[in-house]
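Start from chain A and add chain B according to the hints.
Just so you know, the sequences run in chain order A and B. Counting in full-length UniProt numbering, the first sequence runs from 1 upward without gaps. Counting in full-length UniProt numbering, the second sequence runs from 1 upward without gaps.
No lab work stands behind these hints: they were computed from the structure. Note that the structure is predicted; figures quoted are calculated from it, not measured. Glycine included, C-beta positions come from ideal geometry on N, C-alpha and C. Take the hints with a grain of salt, since some may be wrong.
Simulated DEER-style distance windows between Cβ atoms [as the list claims (entries may be wrong)]:
1. A:G129 - B:V204: 51 to 61 Å
2. A:S51 - B:D305: 21 to 31 Å
3. B:M325 - A:D301: 35 to 45 Å
Stretch by stretch, here's where chain A covers chain B in the computed footprint (C-beta under 8 Å, at least three residues) [said to hold, decoys possible]:
4. 64–73
5. 77–83
6. 92–103
7. 167–177
From the derived model, a few chain A residues whose C-beta atoms are all more than 12 Å from chain B [unchecked claim]:
8. M30
9. T188
10. P195
11. N205
12. E209
Number of protein chains: 2
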Amino acid sequence: MRKMTRAGFIPALAGALMAAGAVQAQDNDMAFYLDMFEPLPALPPIPADNSLTPEKIELGKMLFFEPRISSSGVISCATCHNPALGWADRIPRAVGHLGQEGSRNTPTVLNAGFLDAQFWDGREATLEGQALGPIAADIEMAMDLDEAVARLQEFETYRAHFAEAFPDDPDPINADNVAQAIASFERTLNTPNSPFDRYLRGDVNAMTEDQVAGMRLFVDVGCVACHNGPALSDSNFHVFDAPGSEDDGRFVVTGDDFDRGAFRTPTLRNVAVTYPYFNNGSVESLHEAVFMMGDQMTGYDFSDDELDQVVAFLHALTGEMPAVMPPALP
Amino acid sequence: MRKMTRAGFIPALAGALMAAGAVQAQDNDMAFYLDMFEPLPALPPIPADNSLTPEKIELGKMLFFEPRISSSGVISCATCHNPALGWADRIPRAVGHLGQEGSRNTPTVLNAGFLDAQFWDGREATLEGQALGPIAADIEMAMDLDEAVARLQEFETYRAHFAEAFPDDPDPINADNVAQAIASFERTLNTPNSPFDRYLRGDVNAMTEDQVAGMRLFVDVGCVACHNGPALSDSNFHVFDAPGSEDDGRFVVTGDDFDRGAFRTPTLRNVAVTYPYFNNGSVESLHEAVFMMGDQMTGYDFSDDELDQVVAFLHALTGEMPAVMPPALP
Chain A
1 MRKMTRAGFI
11 PALAGALMAA
21 GAVQAQDNDM
31 AFYLDMFEPL
41 PALPPIPADN
51 SLTPEKIELG
61 KMLFFEPRIS
71 SSGVISCATC
81 HNPALGWADR
91 IPRAVGHLGQ
101 EGSRNTPTVL
111 NAGFLDAQFW
121 DGREATLEGQ
131 ALGPIAADIE
141 MAMDLDEAVA
151 RLQEFETYRA
161 HFAEAFPDDP
171 DPINADNVAQ
181 AIASFERTLN
191 TPNSPFDRYL
201 RGDVNAMTED
211 QVAGMRLFVD
221 VGCVACHNGP
231 ALSDSNFHVF
241 DAPGSEDDGR
251 FVVTGDDFDR
261 GAFRTPTLRN
271 VAVTYPYFNN
281 GSVESLHEAV
291 FMMGDQMTGY
301 DFSDDELDQV
311 VAFLHALTGE
321 MPAVMPPALP
Chain B
1 MRKMTRAGFI
11 PALAGALMAA
21 GAVQAQDNDM
31 AFYLDMFEPL
41 PALPPIPADN
51 SLTPEKIELG
61 KMLFFEPRIS
71 SSGVISCATC
81 HNPALGWADR
91 IPRAVGHLGQ
101 EGSRNTPTVL
111 NAGFLDAQFW
121 DGREATLEGQ
131 ALGPIAADIE
141 MAMDLDEAVA
151 RLQEFETYRA
161 HFAEAFPDDP
171 DPINADNVAQ
181 AIASFERTLN
191 TPNSPFDRYL
201 RGDVNAMTED
211 QVAGMRLFVD
221 VGCVACHNGP
231 ALSDSNFHVF
241 DAPGSEDDGR
251 FVVTGDDFDR
261 GAFRTPTLRN
271 VAVTYPYFNN
281 GSVESLHEAV
291 FMMGDQMTGY
301 DFSDDELDQV
311 VAFLHALTGE
321 MPAVMPPALP
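The shape of chain A in the complex, shown without the other chains (with noise of 0.2 Å):
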C-alpha cells in the first residue's frame, strides 16, 4: 500500500527508480540491478595523500586494539568497534568513559571507506578525519591527543613502526600520523562476496528466491534512493524520526534548519548482523526497522510477507568478515 511521502524526504531520483523499478525489475535485468548497485570492490578509494601500505595497515591494526591511547587505560577502537560484534557494539547507544553512555548507536566500521561522509551526522568526511574523534571525545576514550602522542612515543616498537610506516616524516609519531594509520587499517576492513554479491557478479543462485523478491521490493519501493552503490549508502542525509530520538542531527553540523533531524544514510551491507538500528539504536527488529523505513521514507507499507522478503534480502548482504588476529602489542 502506497501512501503519501513525507515531503522533502526522497530525491527526485527516487520516483524515477521506483518507476522504472517496477517495469524492467521483472525482467531480472542484472544490467539494471547493476546500474543501482555494485558488487564490493576488494578496496574502497585510497586517497592520494594516505597511500595505502603494508606498514601503515599494520601500525593502524596495533593503534585500532590499542587501549592505552584512552584516558583510562582499558577503551579502544575496538571496544566499540568490536570485531566479534559486526565491528560494533550491538548495544543501542555507545558506552565509553567511565560507563558514559552517548547518544548515538555506534556506526560499523566494516566497508566505512566506502562512504563519504563518516559519523551519524556526517561531520567529517574521510575516515582520516574521523580517526582522531573518539579518541579525543570525553564520553569516548576521553584523551588529550598530545598525551596519546606521548605515551606512543614511549614504545621503541611504536616507535620503529611509525618509522617504517612513515619513512620521509622525521617525526613520525604525531596525532595525523595516528590518523592515517587508523584510516588505513580501516580500508581494509571489508566484507566481499556477500550472497548479494555473488549474485550481482551473476551467480543467479547466490539468492534464494525471497531474497530476489526482496531485492525488488526494495528497489520498486525506492529504499534503493538512497541505498544505492556498492555500500547500498549515498552518503547522504535524510530526515528520519527513530523511536525516542530528540537528537538535530546533521543540524548540529550545518546549522541548517533543512538538516534538523537529518542523518547519513547507513550502510546497509551486514546490517543483519549489526543491529540495534538508526541514530539512537532504538529498534533492534530487523523487521520493525524495515517497516519503519519503509513508512517514512517512501510512504509505502510493507505487508508481513513483504517484510520477510525485504529481511531476507538484507540477510543477503552479510558478507565474509575480515579475519584479523589481534595483534601482540609492546
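Same frame as chain A, now just chain B:
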C-alpha cells in the same frame, strides 16, 4: 651479595636448592634443571568433572569475548584479559565497570590452567571457580549472574551451543556451565615452545649464553624455590611487600595472620609481556621487579650484570601466543 633472608619468607627447600644449584648447575646437568622445571605440556590437567571438548572450548571462547554478560554491555573477560596485551591489561590495577579501579593487577590467563590457586589470594582453586567472579564483581563486569544467564538464553545461537557443549544437560544454560565452558577455553590458552622449553628439551642453542647464565642464577639464588614446575609457580602463598601495597592478600581468605600480605606466586611464563608487576602493579620494570624479589625473598642483591642475565632468562620464558581469532558473536 647474600644477605640475611627475611624470616619465614622462604621454604626450607630454598636453602637446599641454592646449595645444590651452586654445584650442579655448573655441570649444566639438564636432569638437574628438569627436576625443578618442566617443558610446558600441551595442556594443563583436565578435571574429571569438566572434560575438555571442542564444543565447550568454542562456547567458552564466545563467552570469553561476550560483553553482553556485563551490566554495561561493553566489558568482557577479554577487556582485562586482552589477547593483544598478553591476555592481561598492562595497567597497574584492573579498570572495570564505570571506570572503577580495583586494588590488584590483572593476572594473565595464559597457562593459568597450570596453577593450583586462582586470583592473587587463591580464593578459588580452579578456573571454573574463578570464571564467574569477575562477571559478578561490582567493580569488574558488575553483572547479576541470573541476568547474564537470562541474556544468553535469548540467543538461539547460544541455546544451540550450550546444548552441543552439554548434551546430557536438559537445561544447559546456567552459571555452572558458563564457568565450565570459559574454563575449558582458558585451558587452551597456553604458550609452548618458548626458548626455555626448547632448551629443556635438549636444544642447548635455544637460549643465549646470558639466558643460560640467568637460569643458573635463578636456581642458585633460590628463586626456583617458589618459581618451579611447568608454570614456574608453586601455586603457594608468600609474603611480599610491593611498593605502596596495603593489601592483606591471602589473609582476606583465611583470616590467618600468617597469611597477611601473602600472595600466590605468579607464573613467570611470559613475564616479559605481562608487566606491570606485583599484586598492585606498582613496578613496570622487569629489572626492578627482579631486584626487589631477590632482595626481599632470598636476601640476595643482584648486581647489574646479574640482573641483566636473569632478565634475559625471563625473556626466554615468552612462548608462542595462542592464535585466537575473536569469534563471531550472535
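Comparing the hints with the structure gives:
1. Taking 51 to 61 Å as the suggested C-beta distance range, the pair G129 of chain A and V204 of chain B conforms, at roughly 55 Å.
2. Checking the proposed 21 to 31 Å range against S51 of chain A and D305 of chain B shows it is violated: the Cβ atoms sit about 47 Å from each other.
3. Against the hinted window of 35 to 45 Å, the Cβ-Cβ separation of M325 of chain B and D301 of chain A comes to about 42 Å, which satisfies the hint.
4. Residue count for the region 64–73 of chain B with a Cβ under 8 Å from a Cβ of chain A: 6. That meets the three needed, and the coverage hint holds.
5. Check on the region 77–83 of chain B: 4 of its residues sit with their Cβ under 8 Å from a Cβ of chain A, so the three-residue criterion for coverage holds.
6. Check result for the region 92–103 of chain B against chain A: holds, 4 residues qualifying (beta carbon to beta carbon below 8 Å, three or more required).
7. Judged by the Cβ-Cβ criterion of 8 Å, the region 167–177 of chain B is not covered by chain A as claimed, because only 0 of its residues qualify and three are needed.
8. A cut-off of 12 Å between C-beta atoms confirms that M30 of chain A is not in contact with chain B; the least separation is 30 Å.
9. At roughly 15 Å, the least C-beta separation between T188 of chain A and chain B is larger than 12 Å, which holds for a residue marked as non-interface.
10. Chain B leaves P195 of chain A outside its interface by the beta-carbon criterion, the shortest separation being 17 Å against a cut-off of 12 Å.
11. No Cβ of chain B comes within 12 Å of the Cβ of N205 of chain A; the nearest lies about 24 Å off, and the non-interface call holds.
12. The Cβ of E209 of chain A sits about 23 Å from the closest Cβ of chain B, beyond the 12 Å cut-off, so the non-interface label holds.
When held up to the earlier numbered hints, the structure conflicts with 2, 7 and fits the remainder.
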